[in-house]
Every structure is written in C-alpha cells, then in structure tokens.
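So you can see what is in the structure, the chains are spelled out below.
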Amino acid sequence: MASNSVSTTEELHQSKKTRKSKIEKSENLVGLLFVSPMLLGISVIVLFPIVATFILAFADWKFVTGIDQLQWIGFDNFIALTNDEKFIKSVINNAIFIFTVPITMICALFLAIIIDKNVYLKSYFKVAFFMPYISSVVAIAVVWQVLFHPSQGPINQVLMTLGIENPPTWISDPNFALISLMIIHIWISIGFSLIVYIAGLQSIPKELYEAADIDGANSWYKFRNITFPLISPTSFFLLITGIIASFKVFDLIAVLTEGGPLNSTTMLVWHLYERAFLDLDVGYASAIAVVLFLFVFSITIIQWIGQKKWVNY
Amino acid sequence: MQRQRKWDPKKIISTIILFFCSIAFLLPFIWMLSTSLKIEADVFKYPIEWIPSRWNAVSNYQEVWFGDHPFYLYYWNSIKVAVCTTLISVVVSSLAAYGFSKVRFPAGAWLFMIVLATYMVPPQASLVPQFILYRYLGLFDTHIGLILLGSFSVLGTFMLRQFFIGIHNDFIDAAKIDGAGHWRIFWRIALPIVRPAVATYAILRFIWTWNDYQNPLIFLRTDALYTIQLAMQKFTTINGSFYTLIMAAAVSAILPLLIVFILGQKHVIDGIALGGVKG
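Residue numbers (the numbering used here), protein chains in the order written: chain D, 1 to 313; chain A, 314 to 592.
Among the clues, some could well be false.
Straight-line C-alpha distance at most 20 Å; calculated EDC-like pairs for lysine to aspartate or glutamate [claimed, not checked]:
| hint | chain 1 | residue 1 | chain 2 | residue 2 |
| --- | --- | --- | --- | --- |
| 1 | D | Lys117 | A | Asp321 |
| 2 | D | Lys62 | D | Glu274 |
| 3 | D | Lys117 | A | Asp583 |
| 4 | A | Lys323 | D | Asp116 |
| 5 | D | Lys86 | D | Asp279 |
Hints listed in this document are in silico derivations from the structure and should not be mistaken for laboratory results.
Kindly produce the complete structure, drawing on both the sequences and the hints.
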C-alpha cells in the first residue's frame, strides 16, 4: 500500500515534468519561429558579409578576375595601408570631422534650453530646426553646392557686400572644402540633437529649479549645477551616436566633392567606396573596412563602459 | 467670454530672436523653392529675389517631371522601394521583438545578444561582400535586392522590444489560460497595444529609405530602376548649370518627405526623443 502511494506521487511528478518540458519545447519552437525571419535576414545580410570582410582583408583579389585569381597575401593589405597617403589623409579627416559633434551639441543644447522654457510656438521651432534632418542629403547637398558657388553664389555675394574682398571658394578650395562639409553636416544634425535634448530637459524635476530660485541662484548657476549635470546622460548618448554617425558620412562627399579637391575631403568610407567600387580592389577595400569596423567597435565599447561610469543618473 | 492671456515680454523677445534664427536655418529651403520658380537668368541676381519677378514655375517643373529624365518614373521606383521596405521591416521587426520579449525561451537571450551585436557593425564595413553576394544571388540591380537590404533592422527590433516589454505579463498569461496561442496573442493583444510605436518606426523607416543614396548607388545600375535620390544626382550632373531645373528637382525630392513628416510629426519627434533619452 505504502509503496503504491509513493509510486503514484512519483508518477505524478514524472508526468508533470514531461508536461512542463513539452510546454518548454513548444515555447522554444514558437520563439524561434517568431525571431527566425529576423535571424535569417541578419545572417545573410550582415553576419556573413562582415565575417567575409575580415577574411577578404587578407586576400589580393580584383572582383572582375573571377575567384580563381584570388591570392592570400597575409597582412600585406594592412602594411600597404600604412603607406597609403590617401588612407592616412582619410583617417585624419575623420578625426577632424569629429569636431562637428561637440559643436552640434552646444548649439542644440542652447536652442533646446530656450525652446523648452522661454518661447511661444514651440512646435513650430521643433519642426523648423528638424527640417534639414529629414530632408534628403542629396537634395540638400545640391542646394548647398549652388549656395557655395565661388563667384555668384548667394553666400559669397553676401560676404562681398559685407566688405570681404576675396571670400573663400568653399568646396573648390582645398583649405575650405572640409570645413564647408562640416558646416553642412552640423546644419543637418542640429535638429536631431535638439529634439533629444528637449526631451532630456523635460525629464529634469522642476522642484530643483524652484529650490534654486528660493536660494536666489542666477541662470548661469542653475545651468552649471542643475541642468548640465542632470542632462549628462543625454549628452553622452549624443556624443557617442554623433561620433559613430560622423564615421558614416558618405552622401555629402559623394555628391559635393568626391573626396577632392586634392584629397582634402576624403574619408574612410569614401576611400573604401573608391577602392571597392571604382577600382574593384576587393582585398584592399576589405582591409579599409576592417579598420573602419575597429574604430566604430572601440567607440561602442567606450559607450558600454562609459554609460556605467561617467554618467550621473 | 475670451480668456485673458498673459503675455510675458521676456518670452516674446526670445521668441522673436529665435524666430530669426529659425529663418536663417530655413533659408536654404526658401532659396531652393524660390529658385525653382524663376527663370534661369534671375538665379544669381543680387540682392536675392526671394519672390521671383519673372515666373517660370510651370515649365521648370514640367521639364523635371516629364522631360528627358522623367521624375514620375523615379518617384514610382522610390515609392515602391520605400513602401515595401517599410512593410517588410515592420513585420519582421515586430515579430522578432515579440519573440525576444514575450516568448520565454532559453535560446532567446543569447540570440538577442547576437542581433544586438550586429548593430555595432557599420553598414559600410560589410558592403563589399554584400555586393559580391548580390552578384552571385542575382539580386544585384533589382528592387527586391534593395528592399531586402533595408528590411532587417536591429534598431526597429530593439525599439519595438522595449515597448513589448512594457506590456504586463499577466495580460499574456491570462490570454494563454483562455487558450490563445502566441500568434493570436501577438496579433490580437500585443500588436494593438504598441501601435503608436509601430507607427513611429514605420515613419522613420520610410524617411530613411526614401533618403538613402548609398545603397541605390551601389546596388542599382539600370536607369529605369533608379530611385529619386540617384535620379536627383544624375539630373544634376546632366543639367550642370540649369539651376532652376535642379532646384525644381530638389523640391520634388524633398516634398513627399515633408508631407510624411508633417502628418506624422508627433510620432517622429516623440520616437526620437524616447530613443534618445532611453539610450
């Protein structure tokens, strides 16, 4: 009798277990079904190509010659990169271009503070400053190309009226071309940072400002001791996404300068594009892609660590 | 009875100052629009004629839309690509987002890590093998290929997942007890709840696809398949110094987006704000 009852509980236990694992199994299958289109797509379109990039970086292969002409050459592509003036120029230009990020952020924060507190027509201003961000870069670039026209463009005509005799020729001047691109890039990016900053400002508790008002604090004091520290997570987010976005700038270069004049506006992505799709040099372009990947990867790692360490939540 | 509104003079002054800032910001657009309405000889007239003295709008736009490089064709291509990409991307992303948040399966956690990890890959880093792969698969120079490139969005999956997580699990469990399967729960309960987030993502995806220049440049060759951005660039190269035509083309390229943006303004701005604050 006793043994019988033990066996029934055991049986019960057993059947419960199998039932549970059955449910788990079906959950597993259902889960996989839900995520499989995404996984499949990502594997084919991102994972496989990025692995291939790392492999092809060690090969010498012109795409037009067929796969049997492919030769493995070890680190030769990377060694060649260190002697490639255009590549070095690209890295330097990418580094300079990063300055657009803090400038964009300062302008955006300034505008955001005014829009958040002190103006009527808030939504008009949001839309107005956001317009360049949603507009197509190609169309915008074409407009700026004409605005920057050396002799007849509106910008230089205004400068000449203001008494500047020899205004820069902007995108056709090697000394000014990169700066011109940076100006346009800042103009495009401000809207995005502005919207994010306004949202950040709205999440700061009003009581803090009221308390400071009672203590008789002035605006600058309030900005330095309340707004600035409490907005730092937002600033950090904008800094990182901004830097990563600055590495991806392609359309502006492709439409306006094609890396010129005299390589003054070449950047990693543009150099990669030229080597891959104009010279069809697969191996070399892949080596550039690996470098690009490593740059963006290390910034992402900094973001990971930084989010935990440097940001006052 | 009219409510008396208190006008704060300080606020009025900063509104006026900011208004001039915003005008300066919008000037390139205003210049673009006004130039597209002029005759060629007046383009560089100085001082700038913001309102054209001699109008040529009809013939400019006619040339852009129905001339040698008819924009209606490229418009149709762009609409096709942007709409299909948006649809597929929304379906794929919301399915995956639901799977990663509401179906509790052991493999889910690390599969999600893999998906997130691919977000670190700059799109240009995988461009060359993508191109080679497309040549072999016969997807090169097709709209389907272009659509597929934009259809698997990590960002969309991540964003929608955040919203699915916000749905209380009791909701899901209650539905399960009533005998509903995950598919039914997804379709009937979860998806309707996160509809605003789906709308935000759809609008953003549409805008990004419409504006994309790099992928069409690399993955399309045939002129008849060109999207509006490629056509815009080609049109500029061909028409060199016909600035009125180029500006009419630019207005045409930006206008649909502006309409989408103004219609979905709140969704777009809220979505970006939310993504930014959450990080």
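Given the hinted pair Lys323(A) and Asp116(D), is their alpha-carbon gap at most 20 Å? Given that 20 Å is the threshold and the Cα spacing comes to 14 Å, the pair holds.
Given hint Asp279(D) paired with Lys86(D) - CA-CA distance at most 20 Å: 14 Å, holds
Within 20 Å, alpha carbon to alpha carbon, are Lys117(D) and Asp583(A)? At roughly 18 Å apart (the allowed maximum being 20 Å), Asp583(A) and Lys117(D) satisfy the hint.
Decide if the proposed pair is consistent with the structure: Lys62(D) and Glu274(D), CA atoms, cutoff 20 Å inclusive. Holds, at roughly 13 Å.
With a cut-off of 20 Å on the C-alpha distance, tell me whether Lys117(D) and Asp321(A) pass. Within the cut-off at roughly 12 Å; holds.
The structure shown violates none of the earlier numbered hints.
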